[in-house]
Amino acid sequence: MKFQIQREDLLIPLQKIIGAVEKRQTMPALSNILIKADKDKISLTATDLEIELVTTLNMVADEAGDTTLPARKLLDICKALPEESSISITVDSNKAMIKSGRSRFSLSTLPAEDFPSLDSINTVAEFELPQTTLKELIDKTSFAMALQDVRYYLNGLLLEVSTGLIRAVATDGHRLAYCEKQADCDLAEIKQVIVPRKGIQELVRLLEDSEEPLKIFLGSNHIRIEVGNIRFTSKLIDGRFPDYNRVIPEDGKNRIIADRENLRQALVRASILSNEKYRGIRLVVEGDILLLQAQNPDQEEADVEVEVNYTGDTLEIGFNVNYMLDVLNVTDASTVQSTLRDSNSSCLMTYPDHPDCKYVIMPMRL
Amino acid sequence: MIIHIDMDSFYASVEVREHPELARQPVAVGGSATGRGVVAAANYEARKFGVRSAMPMTMALRHCPQLVCLPVNMPLYVEVSKQIHQIFNRYTSEIEPLSLDEAFLDVRASEKLFGSATSIARQIKQAIQNECGLIASAGVAPNKFVAKIASDIDKPDGYVVVEAEHMQDFLDPLPISRIWGVGKVTEAKLHQLGFRTIHDIRVQPVESLVQRFGKWGEHIHRLANGLDKREVVPDARAKSISAETTFAEDISNEDALLANLMQLTEQVAARCRHHGFEGKTVNLKMRYHDFRTLTRSKTLTMPTNQTEQIWQTAKQLLLKQSRTQPDPVRLLGVGVSGFRGETVQQGDLFAENDVLSPDAGAASENRYVELDRISDEINQRFGKAKIHRGRARN
Numbered sequence: 001m002k003f004q005i006q007r008e009d010l011l012i013p014l015q016k017i018i019g020a021v022e023k024r025q026t027m028p029a030l031s032n033i034l035i036k037a038d039k040d041k042i043s044l045t046a047t048d049l050e051i052e053l054v055t056t057l058n059m060v061a062d063e064a065g066d067t068t069l070p071a072r073k074l075l076d077i078c079k080a081l082p083e084e085s086s087i088s089i090t091v092d093s094n095k096a097m098i099k100s101g102r103s104r105f106s107l108s109t110l111p112a113e114d115f116p117s118l119d120s121i122n123t124v125a126e127f128e129l130p131q132t133t134l135k136e137l138i139d140k141t142s143f144a145m146a147l148q149d150v151r152y153y154l155n156g157l158l159l160e161v162s163t164g165l166i167r168a169v170a171t172d173g174h175r176l177a178y179c180e181k182q183a184d185c186d187l188a189e190i191k192q193v194i195v196p197r198k199g200i201q202e203l204v205r206l207l208e209d210s211e212e213p214l215k216i217f218l219g220s221n222h223i224r225i226e227v228g229n230i231r232f233t234s235k236l237i238d239g240r241f242p243d244y245n246r247v248i249p250e251d252g253k254n255r256i257i258a259d260r261e262n263l264r265q266a267l268v269r270a271s272i273l274s275n276e277k278y279r280g281i282r283l284v285v286e287g288d289i290l291l292l293q294a295q296n297p298d299q300e301e302a303d304v305e306v307e308v309n310y311t312g313d314t315l316e317i318g319f320n321v322n323y324m325l326d327v328l329n330v331t332d333a334s335t336v337q338s339t340l341r342d343s344n345s346s347c348l349m350t351y352p353d354h355p356d357c358k359y360v361i362m363p364m365r366l
Numbered sequence: 001m002i003i004h005i006d007m008d009s010f011y012a013s014v015e016v017r018e019h020p021e022l023a024r025q026p027v028a029v030g031g032s033a034t035g036r037g038v039v040a041a042a043n044y045e046a047r048k049f050g051v052r053s054a055m056p057m058t059m060a061l062r063h064c065p066q067l068v069c070l071p072v073n074m075p076l077y078v079e080v081s082k083q084i085h086q087i088f089n090r091y092t093s094e095i096e097p098l099s100l101d102e103a104f105l106d107v108r109a110s111e112k113l114f115g116s117a118t119s120i121a122r123q124i125k126q127a128i129q130n131e132c133g134l135i136a137s138a139g140v141a142p143n144k145f146v147a148k149i150a151s152d153i154d155k156p157d158g159y160v161v162v163e164a165e166h167m168q169d170f171l172d173p174l175p176i177s178r179i180w181g182v183g184k185v186t187e188a189k190l191h192q193l194g195f196r197t198i199h200d201i202r203v204q205p206v207e208s209l210v211q212r213f214g215k216w217g218e219h220i221h222r223l224a225n226g227l228d229k230r231e232v233v234p235d236a237r238a239k240s241i242s243a244e245t246t247f248a249e250d251i252s253n254e255d256a257l258l259a260n261l262m263q264l265t266e267q268v269a270a271r272c273r274h275h276g277f278e279g280k281t282v283n284l285k286m287r288y289h290d291f292r293t294l295t296r297s298k299t300l301t302m303p304t305n306q307t308e309q310i311w312q313t314a315k316q317l318l319l320k321q322s323r324t325q326p327d328p329v330r331l332l333g334v335g336v337s338g339f340r341g342e343t344v345q346q347g348d349l350f351a352e353n354d355v356l357s358p359d360a361g362a363a364s365e366n367r368y369v370e371l372d373r374i375s376d377e378i379n380q381r382f383g384k385a386k387i388h389r390g391r392a393r394n
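Line by line, the protein sequences are chains A and B.
The first sequence begins at 1 in this note's numbering and counts up one residue at a time.
The second sequence begins at 1 in this note's numbering and counts up one residue at a time.
The shape of chain B in the complex, shown without the other chains:
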């Protein structure tokens, strides 16, 4: 079984834990209201007033004038997230973190040692509450797709187990928006076709979905049938690191695509740096409005995790593709693969900025390394807010 653990209003809950006087008060973490700050996270008290993530702080205050606004304290959340991961680690090493507050755990190999998956999920929830003073929601199911829905469906403090034999009963009545990758636009499209629940998709012949949506049609049909073969991949063992985004509206404007590509590239490069990975291949993924999906890749001379290098390569791939096929794009993704093994780094005689001697060439490339270091630092402090600003722009 797979467990999905999702912390309830993570940043806000950590702040409330640090400031016990704030308990039962509406709290939002994010940028300042005097600037153009947005809400990075809000606790459930604040949500009752309609405060949502990504909402400008000024608007949040209009919804809820007594809202307590706190600045983002990223180093603290990172610290707490590490603690939570240590709890996961007691039960399994098969942990795939999705973000600071969310992870998949594959406990199939641990059940003999620690009891059933349902019991492990309960123990983890309990340990997070006892040791970190925080509430997590847990979903337990035979695969990632269903586990993620399960953890979300009974939030906050959720605990939902979906056994294999009840999976279809669980999925069937759910609205299609529960399917990964179904956003507002796709939802509307599916509604037009008369699909409202997962059941509606499941009973469709797969051919008709393929005809309309291509390969993606086959994919959602499989999910609707509770079939998801994706493995839990611990980041440390990942063969590639990637990020993708489905747009609220299809985009054909090249500048808009590039702006999104830049954001994705920053995320991917920062994750590579975080894990100390350097990849040799840059991959671009594009899904067009008609669900045609293609990938393009380019291999570099030397492995890298510099944002600038990955960006230049990804940009080239995108421009080449968008000029041959300037159709509206619904999904854009970028990834890095072909990681250099272990931590052995062979010095390069001609690299302006050699891996081994950062002082060798005070030349141009050093600026990018410095830029990456600073941007990683900023990200650590304002990480989520930044991601939200990006989404808000769409």
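Isolated chain A (complex conformation):
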């Protein structure tokens, strides 16, 4: 195998797929990337067996062939070479020679046959979506995914596709984020898939705020997304996502409408003195004043008042301040509405300007 390539043409695709390569490996081949050179294209593949990223470069190789190279080392070499330099890669038996200007690197290779690949995924549904739509669905919800929860089905993002509508839902059991978007999809029945946390994190790096369409393929055990010259494939979490409709409360009778940025800043201020571990903050709302109170184990206290528009009874309730900030941080909406039933029940946060997102936060007892 032999080809010539400009540094940037190799570096940028490498940076997009490198996230799939785990630092610690169970199989030696997994710390490598697979390079396949055909007549008119070269593809680079990285995988951790759960997700796979393939990028295809349209170029002519001097000599076809395939091999695997240590991913990090190859990336570090590309990064360290001067901008716009030309790189030549030649693979011979079990060594790869990388030359650029007056630098030469000899890297060890592993046979391409040892590299696991996920070619066919048994597609049961496919549709197109503007990149920005998927990006927004993920950006508005993925912060609520659980991290290493024993309820393994929470360690990912639910994508629910029905006719004309796609929904994303994430929850860690303490709070839930929901977002829905119109979509040009026509499915015979509602399809739900749970994409693992790492897959979502890698996927979002590939997406841009552009109307360019991407292609989504749903398989029985996989999701595949083709965006630009990159093909992303992830295994799905095999489990049942909880019925999110059951925990999104109906409109409650107590309603706080606040300027989002004012509320956010007030929460940040009060949170300085909240318990570092539990992040509890007390909200007392009476008339049109929302009082935020925090107290830490050293008995230091913060009281911050915010003017709001309130309809309802005087109410006192505790929350993890980070959960509220997470919700306020993922939007640029100007006003936020919080609906409460009582001190023990969940709070529904919505943006009157963007009715497609809903957030539910469980209170904490302080």
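Honestly, the hints are just simulated from the structure, not real lab data.
Even for Gly, the Cβ is constructed at its ideal location relative to N, Cα and C.
Check before you lean on any hint, since a few could be wrong.
[Unchecked claim] Ranges between beta-carbon positions, derived for each pair: (1) B/Ser-99 x A/Tyr-153: 52 to 60 Å; (2) B/Lys-320 x A/Glu-261: 51 to 59 Å; (3) B/Lys-320 x A/Val-124: 33 to 41 Å; (4) B/Leu-174 x A/Tyr-153: 54 to 62 Å; (5) B/Gly-181 x A/Asn-296: 41 to 49 Å; (6) A/Arg-246 x B/Lys-320: 32 to 40 Å; (7) B/Leu-98 x A/Gln-299: 31 to 39 Å; (8) B/Thr-281 x A/Asn-296: 24 to 32 Å; (9) A/Arg-240 x B/Ser-32: 52 to 60 Å.
[Unchecked claim] Okay, derived cross-link-like pairs now, DSS-like style, lysine-lysine, Cα gap no bigger than 27 Å in a straight line: (10) A/Lys-2 x A/Lys-39; (11) A/Lys-135 x A/Lys-235; (12) A/Lys-198 x A/Lys-215; (13) B/Lys-280 x A/Lys-277; (14) A/Lys-73 x A/Lys-198; (15) A/Lys-277 x B/Lys-125; (16) A/Lys-277 x B/Lys-239.
Knowing the structure of chain A, use the given hints to seat chain B on it.
Quick look at chain B alone, frame taken from chain A:
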């Protein structure tokens, strides 16, 4: 120094204090003789007739026909126990209660303020007598092991101080049954080997004890040498809450093990609830007939103090273990650790019975909460009697 305070025939003494006309009469507190009640506590007058704790009330009456039998009035004893703890609290906050009528106190940090440990022990005894009208026995020693023996050895109204330099002279002549964890079975086993006193154990090379009893051999050898590093752990700061029991006879029957496990679990869960602790990890401890000791643990999704949840987890651990190693078991223990910090409780969206809204799901789990509440109430009323019934079954 460590002080061990043990109230003398606590329940019975409280009753006599409440009913002065009963002074100098044999009194027993417990279940009714017409039912199948047992003696929860007997005063020293009654003990002279051979009335003992855990004895069926009918048998107690046969030993002592003039015995005054009183029902258990647990709320009263709890109240008095609190008063006694307030007295302890004047001298130290390092209090480890073992039960309502027994506690260890670490007074090392208080000696500069209140005088020597021996003087503090005397002051506490005096205060309990003056303020509660009750008699306590006190043991003062460099560690828990020796302090507990000391408080017991001169009962009632005992007051025994064992200074570090006299500890060995104090321990050596004592029978081996004084060692914690040496019950009738182990005692007989040790007798067969020619060990009768603590001295006999102490002079053994530790290797030979380890060979026979494993790690436990090392443990009793250390105790026999007056070495006990266990700290006084106030319940409120405890990292775990556990209970264990050594059987009078080794048990290999799975049902019998489970029955014992259930009792231990109830105790542990009730103590967790009492302190408002919820733990995430359930621990099982088993010591086999040959002293092999192992622990198994399982971590739950959400911290709990529900008897049912702890029980289901402990049962799983036990069944898994007893099926891989169905050997006779001499000791069984269960514990809960990994307590949720402070009193902050984060609500759970999907919990059927959320911590914050007991009315959220009238679903199945609520029944267990209700069950726990009722059983705690019953325990408050019949606590000790219940524990005794369990032991009696063994």
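Hints, one by one, checked against the model:
1. B/Ser-99 x A/Tyr-153: 52 to 60 Å: violated, 45 Å
2. B/Lys-320 x A/Glu-261: 51 to 59 Å: Because 55 Å falls inside the window, the suggested range holds.
3. B/Lys-320 x A/Val-124: 33 to 41 Å: About 40 Å separates the Cβ atoms of B/Lys-320 and A/Val-124, which means 33 to 41 Å holds.
4. B/Leu-174 x A/Tyr-153: 54 to 62 Å: holds, 60 Å
5. B/Gly-181 x A/Asn-296: 41 to 49 Å: holds, 44 Å
6. A/Arg-246 x B/Lys-320: 32 to 40 Å: holds, 34 Å
7. B/Leu-98 x A/Gln-299: 31 to 39 Å: About 33 Å separates the Cβ atoms of B/Leu-98 and A/Gln-299, which means 31 to 39 Å holds.
8. B/Thr-281 x A/Asn-296: 24 to 32 Å: holds, 27 Å
9. A/Arg-240 x B/Ser-32: 52 to 60 Å: holds, 54 Å
10. A/Lys-2 x A/Lys-39: holds, 11 Å
11. A/Lys-135 x A/Lys-235: holds, 19 Å
12. A/Lys-198 x A/Lys-215: Satisfied, since the Cα-Cα distance of roughly 20 Å is no more than 27 Å.
13. B/Lys-280 x A/Lys-277: holds, 17 Å
14. A/Lys-73 x A/Lys-198: The given pair, whose Cα atoms are some 22 Å apart, holds under the 27 Å limit.
15. A/Lys-277 x B/Lys-125: violated, 43 Å
16. A/Lys-277 x B/Lys-239: Holds: A/Lys-277 and B/Lys-239 sit about 18 Å apart, inside 27 Å.
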